[in-house]
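**Q** Protein chains in written order, with my numbering: chain A, 1247 to 1571; chain B, -5 to 317.
Rather than coming from a laboratory, the hints here were simulated on the basis of the structure. Certain hints may be false.
[Unchecked claim] In silico SDA-like cross-links for lysine to any residue, where the CA-CA straight-line distance does not exceed 25 Å: (1) LYS1273/A to ARG143/B; (2) LYS1340/A to ALA221/B; (3) LYS1456/A to PRO1359/A; (4) LYS136/B to LEU1271/A; (5) LYS1291/A to PHE1261/A; (6) LYS226/B to SER1269/A; (7) LYS207/B to ASP1467/A; (8) LYS1403/A to ALA1355/A; (9) LYS1425/A to ILE144/B; (10) LYS1505/A to ALA1493/A; (11) LYS1362/A to SER19/B; (12) LYS1403/A to SER29/B; (13) LYS1260/A to ASP1287/A; (14) LYS226/B to GLN1381/A; (15) LYS1425/A to LEU1339/A; (16) LYS1338/A to ALA221/B; (17) LYS1362/A to VAL236/B; (18) LYS1362/A to ILE17/B; (19) LYS1338/A to ARG143/B; (20) LYS136/B to SER1269/A; (21) LYS207/B to MET142/B; (22) LYS1500/A to GLU1301/A; (23) LYS1318/A to GLU1255/A; (24) LYS1277/A to PHE133/B; (25) LYS1403/A to ARG143/B; (26) LYS1292/A to GLY217/B; (27) LYS1291/A to ALA1493/A; (28) LYS1340/A to ILE17/B; (29) LYS1383/A to PRO230/B; (30) LYS207/B to HIS1466/A; (31) LYS1362/A to ARG143/B; (32) LYS1318/A to ARG214/B; (33) LYS1380/A to ARG222/B; (34) LYS226/B to PRO1359/A.
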Amino acid sequence: MVESVVSVENLQIKFDVSVPLLSRLLKRKPKTYVHAVRGVDFSIKKGETFSLVGESGCGKSTVAKLLSGLHKPSDGSVVFKGHDLVSLSRSKLKEVRRGFQMIFQDPYASLNPRWKVADIIGEPIDLFGLADSKQHKQAMVIELLHQVGLSGEDRLKYPHEFSGGQRQRISIARALASKPEFLICDEPTSALDVSVQAQVLNIMSELQEKLGLTYLFISHDMSVVSHFSDRVGIMYLGRLVEVGEVADIFNSPKHPYTKMLMEAIPSMDEINKERTPVSGEVPSPLNPPSGCAFHPRCPNATHACASESPVLRDLGERSVACLNV
Amino acid sequence: MNDLIATQEPSLKRRWGAKMTDIVSSVWDSDIVYSLRNSKVTIVSFIVMAVILILGLGADLFAPTNPFDPTSFSLFDSEIPPVWTDSGDSRFILGTDIQGRDVYSLLLYGVRISLMVGFVSVLLSLVLGVVLGLISGYFGGKVDALIMRIADAMLSFPTIMFALLVSGVARGIFPKEMHGDISVYVIIFSITATGWMQYARTVRGAALLESGKEYVQAARVMGSSSARIMFKHILPNTISPVLVIGTLHIALAVLTEATLSFLGVGMPPNQPSLGTLINEGNQYLFSGQWWVVLFPAMVLVVLALCVNLVGDWIRDVLNPKLR
């Protein structure tokens, strides 16, 4: 049994989206919440890539933010190498934080436009006090730039002098600066051209092999996920509906929602395939459907689905949350 | 060894010289200087502003007499018109006032006081406004609501009325002999207290926008402190509109100070600013002594105009959309 780097249990978050206090009192409206993540469990083993997939608005990016500490969960726990991040003290948290970093979606917004690359990559080195002299820090920055395929001279430039792919590589270099074991990648390739996507993904898998990194990979691009990850979790409206090995999920999806997603992947083998489009839309998380959240769109829905909420059941190699599987 | 130094020295010097010319030429070719070179109005404003600034700051050097020193002037010299008129006196280029003080010297010292009050109050409101705006925009929520409601409340006070209020209160609290000394603080406090909101609002808006960006989230994931994120990450991205407001605010602050002094709640007659001089000269205007009021008024108008023109130019240069 390989030890798990991260494990998440019953992770939940509610966002308060109530109208301001005064108008709420005047109009006698109750407080309203968006239950963005409604109880998610998974664990990621050392050295593997775990992907979270789902339509927009299903809460996958929120899970990434919960893991990185940008949001505080309203319930549940995030355990990173034996430390529960939710209950950890501030000083201890800072120490544990070194072990995980995040790569963001938009390479144009994730680098401070007024900072030079050397300062951007050097920031975690300063914050965690990893270098003992200026020369040492500079050497580390150059080494990091080489690792992501950029030249050492690039450290003197500003972010706007780089292309999207190069910026994303700078972002990766910054994430690697504190020598983390675990990287949270929130759609790192979705803002890039297809050719550049491949480049960035290749660098990421090279680094994974070389440094033994563990990835949580958030994406909505099924072909990227099938190429890049070891295990996949399919999310729907704040819950995981199916978790398993990439090959199993892609070749024989069990959950009706997963089946629907797989049907929608374009493929070169079946160019003139008759397509069943993914029907319906994701319901509003403000007012989720009763029972199984997927039942209004599900082709095999029964009466029970509207009243009973399915839990993730372990079926050996994979887990599925569906009453009819 | 000595030979070595002797042979190395000239080359080192030459390298230094070459480096300096490089720096000078790179500055000369930079966007900002290029835009300055192509705007004659701005060049003229800059020069006029610099001349007034130098004359004001160096008042001790450039003024023939010290108008603050009662032994340096005499009532026998009172009401002498400027030197180019028939009854002018070569000692007093711009004439003298009712007490026999040299108007030219008064003017230089007055410019110094006006500029000092303008700069200090703008600097204070800038620092206060930027810090409150950053806190407001970064933390949001209740802190934001509190700071912004205070700003809204302050915005509803006209500067002049607020200054009259503060000065009235100060006159009530402090003994009579201190009134002359505290007046400068009263003015600075009034201009600062009624001027910081504009900075706070501008910075808050920009900070709100910047805090949502991913580079701020990245800094938070690294565990940066809030102060570090606010001042090192967000501040540099919000500072250019602040500089523009600041420059334009200097002209406004100088004018406000002049208005207050003109109304009699500003600088006392023994430490006259431009406004005090205009106020004093105004009383003698109808008895024919035009020179006492005209020259301070002209300097005030020219100074405010030049600062405003330079401010407009800075706004255009820092805003890429207007280029």
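**Q** None of the hints should be skipped; say for each whether it holds.
**A** Hints versus structure:
Taking the CA atoms of LYS1273/A and ARG143/B, the gap is near 23 Å; set against the 25 Å cutoff, the hint holds. Between LYS1340/A and ALA221/B the CA atoms are separated by roughly 16 Å; this keeps the pair inside 25 Å, and the hint holds. A hinted pair counts as satisfied when its Cα atoms are at most 25 Å apart, and LYS1456/A with PRO1359/A does not qualify at roughly 30 Å. Distance restraint check for LYS136/B and LEU1271/A: the Cα-Cα separation of roughly 17 Å lies within the 25 Å cut-off, and the hinted pair is therefore satisfied.
At roughly 30 Å between alpha-carbon atoms, LYS1291/A and PHE1261/A are farther apart than 25 Å, so this suggested pair is violated. With a C-alpha separation of about 37 Å, the suggested pair LYS226/B and SER1269/A falls outside the 25 Å cut-off, and the hint is violated. Under the criterion of a C-alpha separation no larger than 25 Å, the hint pairing LYS207/B with ASP1467/A is consistent with the structure, at around 23 Å. Only pairs whose Cα atoms come within 25 Å are accepted, and LYS1403/A paired with ALA1355/A is accepted, the gap being roughly 16 Å.
Simply put, LYS1425/A and ILE144/B have alpha-carbon atoms about 45 Å apart, too far for the 25 Å limit, and the pair is violated. Using a Cα cut-off of 25 Å, the hinted pair LYS1505/A and ALA1493/A holds, with the two alpha carbons roughly 14 Å apart. Our distance criterion of 25 Å between C-alpha atoms is met by LYS1362/A and SER19/B, whose separation comes to about 23 Å. Restraint check for LYS1403/A and SER29/B: the C-alpha separation of about 24 Å stays at or below 25 Å, so the hint holds.
Distance hint between LYS1260/A and ASP1287/A is fulfilled; the C-alpha atoms sit about 16 Å from each other, no more than 25 Å. As the CA atoms of LYS226/B and GLN1381/A are separated by approximately 22 Å, the hinted pair is consistent with the 25 Å bound. A C-alpha spacing of about 16 Å is found between LYS1425/A and LEU1339/A, which places the hinted pair at or below 25 Å, so the restraint holds. With a CA separation close to 20 Å, the supplied pair LYS1338/A and ALA221/B stays within the 25 Å bound.
A hinted pair counts as satisfied when its Cα atoms are at most 25 Å apart, and LYS1362/A with VAL236/B qualifies at roughly 22 Å. Taking the CA atoms of LYS1362/A and ILE17/B, the gap is about 20 Å. The hint holds against a cut of 25 Å. Distance hint between LYS1338/A and ARG143/B is unfulfilled; the C-alpha atoms sit about 38 Å from each other, more than 25 Å. Proximity of LYS136/B to SER1269/A is assessed by CA-CA distance (about 16 Å); at most 25 Å being required, the pair is judged to hold.
Only pairs whose Cα atoms come within 25 Å are accepted, and LYS207/B paired with MET142/B is accepted, the gap being roughly 22 Å. Restraint check for LYS1500/A and GLU1301/A: satisfied, since their Cα atoms lie roughly 18 Å apart, inside the 25 Å limit. Among the hinted pairs, LYS1318/A with GLU1255/A is consistent with the structure: their alpha-carbon atoms are about 14 Å apart, no more than 25 Å. With a C-alpha separation of about 22 Å, the suggested pair LYS1277/A and PHE133/B falls inside the 25 Å cut-off, and the hint holds.
Proposed proximity of LYS1403/A and ARG143/B is contradicted: the alpha carbons are some 42 Å apart, above 25 Å. The suggested pairing of LYS1292/A with GLY217/B holds, with an alpha-carbon distance near 23 Å, which does not exceed 25 Å. Taken as a hint, the LYS1291/A and ALA1493/A pair is honoured in the structure, with Cα atoms around 17 Å apart against an allowance of 25 Å. Between LYS1340/A and ILE17/B the alpha-carbon distance is near 43 Å, which puts this suggested pair outside the 25 Å criterion.
A distance of roughly 23 Å separates the Cα atoms of LYS1383/A and PRO230/B; the hinted pair therefore holds under the 25 Å criterion. With a CA separation close to 21 Å, the supplied pair LYS207/B and HIS1466/A stays within the 25 Å bound. Distance restraint check for LYS1362/A and ARG143/B: the Cα-Cα separation of roughly 37 Å exceeds the 25 Å cut-off, and the hinted pair is therefore not satisfied. A C-alpha spacing of about 13 Å is found between LYS1318/A and ARG214/B, which places the hinted pair at or below 25 Å, so the restraint holds.
Among the hinted pairs, LYS1380/A with ARG222/B is consistent with the structure: their alpha-carbon atoms are about 20 Å apart, no more than 25 Å. This hinted pair checks out: LYS226/B and PRO1359/A have alpha carbons roughly 12 Å apart, not beyond 25 Å.
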